[in-house]
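Listed below are the residues making up each chain.
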Amino acid sequence: MIILQKADVSPSEITPKEVFEDRRRFIKQAGLGLLATSALAHSNFLLAANATHQTTPVGHPSKLVPTLPNFTKTAYGKDEKLTSYEDITTYNNFYEFGTSKNEPAVNSKLFKPYPWMVSIEGEVKKNKVIGIDEILKLSPLEERIYRMRCVEGWSMVIPWLGFPLAQLIKWAEPNANAKYVEFTSLADSQQMPGVNLPILDWPYVEGLRMDEAMNPLTLMAVGLYGEKLPNQNGAPMRLVVPWKYGFKGAKSIVKIRFTEKMPITTWMKAGPREYGFYANVNPQVEHPRWTQSSEKRIGAGLFAGRIKTQMFNGYAEQVGQMYAGLDLRKNF
Amino acid sequence: MASIQLPRRVPSKKQMSWIKSAIFLLCLVPLVRLVWLGVNDGLGANPVEFVERSTGFWALVILLATLSLTPVRLLWGISWQLQLRRMVGLMMFFYASLHITTYLWLDYGFDWSDIVKDIIKHPYVLVGAAAYLLTVPLAVTSNQYMMQVLRQHWKQLHLSVYLIATLGIVHFWWLVKKDIREPLFYAVVLALLLGVRLYYKLRQMKVKVDKARKMKLSALI
Numbered sequence: 001m002i003i004l005q006k007a008d009v010s011p012s013e014i015t016p017k018e019v020f021e022d023r024r025r026f027i028k029q030a031g032l033g034l035l036a037t038s039a040l041a042h043s044n045f046l047l048a049a050n051a052t053h054q055t056t057p058v059g060h061p062s063k064l065v066p067t068l069p070n071f072t073k074t075a076y077g078k079d080e081k082l083t084s085y086e087d088i089t090t091y092n093n094f095y096e097f098g099t100s101k102n103e104p105a106v107n108s109k110l111f112k113p114y115p116w117m118v119s120i121e122g123e124v125k126k127n128k129v130i131g132i133d134e135i136l137k138l139s140p141l142e143e144r145i146y147r148m149r150c151v152e153g154w155s156m157v158i159p160w161l162g163f164p165l166a167q168l169i170k171w172a173e174p175n176a177n178a179k180y181v182e183f184t185s186l187a188d189s190q191q192m193p194g195v196n197l198p199i200l201d202w203p204y205v206e207g208l209r210m211d212e213a214m215n216p217l218t219l220m221a222v223g224l225y226g227e228k229l230p231n232q233n234g235a236p237m238r239l240v241v242p243w244k245y246g247f248k249g250a251k252s253i254v255k256i257r258f259t260e261k262m263p264i265t266t267w268m269k270a271g272p273r274e275y276g277f278y279a280n281v282n283p284q285v286e287h288p289r290w291t292q293s294s295e296k297r298i299g300a301g302l303f304a305g306r307i308k309t310q311m312f313n314g315y316a317e318q319v320g321q322m323y324a325g326l327d328l329r330k331n332f
Numbered sequence: 001m002a003s004i005q006l007p008r009r010v011p012s013k014k015q016m017s018w019i020k021s022a023i024f025l026l027c028l029v030p031l032v033r034l035v036w037l038g039v040n041d042g043l044g045a046n047p048v049e050f051v052e053r054s055t056g057f058w059a060l061v062i063l064l065a066t067l068s069l070t071p072v073r074l075l076w077g078i079s080w081q082l083q084l085r086r087m088v089g090l091m092m093f094f095y096a097s098l099h100i101t102t103y104l105w106l107d108y109g110f111d112w113s114d115i116v117k118d119i120i121k122h123p124y125v126l127v128g129a130a131a132y133l134l135t136v137p138l139a140v141t142s143n144q145y146m147m148q149v150l151r152q153h154w155k156q157l158h159l160s161v162y163l164i165a166t167l168g169i170v171h172f173w174w175l176v177k178k179d180i181r182e183p184l185f186y187a188v189v190l191a192l193l194l195g196v197r198l199y200y201k202l203r204q205m206k207v208k209v210d211k212a213r214k215m216k217l218s219a220l221i
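Quick mapping for you: the protein sequence lines, in order, are chains A and B. Going by this note's numbering, the residue at position 172 of the first sequence is 172; the numbering climbs one at a time, nothing skipped. Going by this note's numbering, the residue at position 84 of the second sequence is 84; the numbering climbs one at a time, nothing skipped.
The shape of chain A in the complex, shown without the other chains (with noise of 0.2 Å):
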């Protein structure tokens, strides 16, 4: 059962934060360009000087970045303890901005996740390009705080900011064929270092079955702690499904297709003996690597020890019956 609230603080309180780091950068990169300009006719640089200390920048920033709607807090995870803001923002893996855990959050740092245009193709009736401020307005927002088990054997708890998959599909009337979705992430080399190194088949690419992607616990996140979906958390708009080992939750997407065949992951590319397509979170499924049967909870600190890794992460009441008759060992 949900409980639905309205939320203490509407997003458009918190934005102006934003909106003031955006025209920050707005007129860095104003000034920058006239300092280029300035090293042709140094006269210029007096302009320059002039435009930095301009407080009516030219065009809206706040057109640029669209704010979020209000939402609604629901029941999901309400006696969860969260982590902390600073450690889900710090501690990464989104492996286009680099591979240790602290990159992203230092690589992303001059990403751009607006204007943002997602495409919709296969085997569906709306087959278009959709901005990411049509996709907002879809479905209402939701606060959902969910439980994110890496394959690492590390998990956090996240309040995320979003909207049941669910809701864009239904929109996206998929047809008769369609029994998977894929989701592709953008892989832009100019944007992202880490996609410069061969490390993975870039793009990344990530799937769900269709029942999977319906099931009403997987979320399309824009946000989380209430505020716009940080860069190096999957900017402006990524896949959450908390039954699932953390890499399912693909990050900036920019395609999703629906497809009749069962999408061939990067992961499973990558390493086909230690990842599977369904990568449900099981704690009798061994990994080739880490331990699955216990976890450390991120933030606990360094004498906490391990907790138990439930079935499913601990949603088997909600998506169990989905791989009833799956042999859930030979389907990793």
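Among the clues, some could well be false.
What the hints assert, rightly or not - Pairs of lysine to any residue residues, derived as SDA-like cross-links and limited to a Cα-Cα distance of at most 20 Å, are as follows: (1) A:308 x B:13; (2) B:13 x B:24; (3) B:14 x B:114; (4) B:177 x A:198; (5) A:269 x B:174; (6) A:308 x A:320.
Note that these hints are calculated values from the structure, not bench results. In this text, all values refer to a predicted model and were calculated from it rather than measured experimentally.
We have chain A; now place chain B onto it with these hints.
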């Protein structure tokens, strides 16, 4: 390679004790840093992983440092640094022990059934555990007394340091998910250090063979 001229002056006894103290303190810097970060909440989101990585990293780096002392002698004919080998080697053992302790205690809380499972089921853990077990006899026999007891066997026993270094790098290599650049770098360093030894060993053998051939020839004449 041997054309680079390094100062050949051998440090005096007093200087040597200064050098030893300085290197001893230098080797403690990573530990002091970890303690300082731990006290000041600076170990990041996953502190256990941070300590595991850090102690493992320094064990490997210090091990490669010990293995570089002999190539320095071979390449440049300087040998006083060999007196540092025992201390630096024991420092490696110290960091490897901290690494294992972090794993057994902070990571697994001495839950032996989970630990045994982890070691058996995960090749990188198994290789790491094997590497550590092999360092124990080296540390135990690192004193004068054991050298005298073991005599020529001592050298044979301590040859296992090459195996330990190889296992250490394999442990690191198998741990990383996809980006193997860092373990690859250490593998190259180890290969170079072993390569220098091998080159001189082969040359030595060739000299012996040539000598024997010459003797044979002169006997014929």
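Quick rundown of the hints versus the structure:
1. A:308 x B:13: Distance of about 57 Å is beyond 20 Å: violated.
2. B:13 x B:24: Within the cut-off at roughly 16 Å; holds.
3. B:14 x B:114: violated (50 Å)
4. B:177 x A:198: Holds: residue 177 of chain B and residue 198 of chain A sit about 13 Å apart, inside 20 Å.
5. A:269 x B:174: Roughly 18 Å separates the two Cα atoms, so the pair holds.
6. A:308 x A:320: Holds, because 19 Å separates the two Cα atoms, which is no more than 20 Å.
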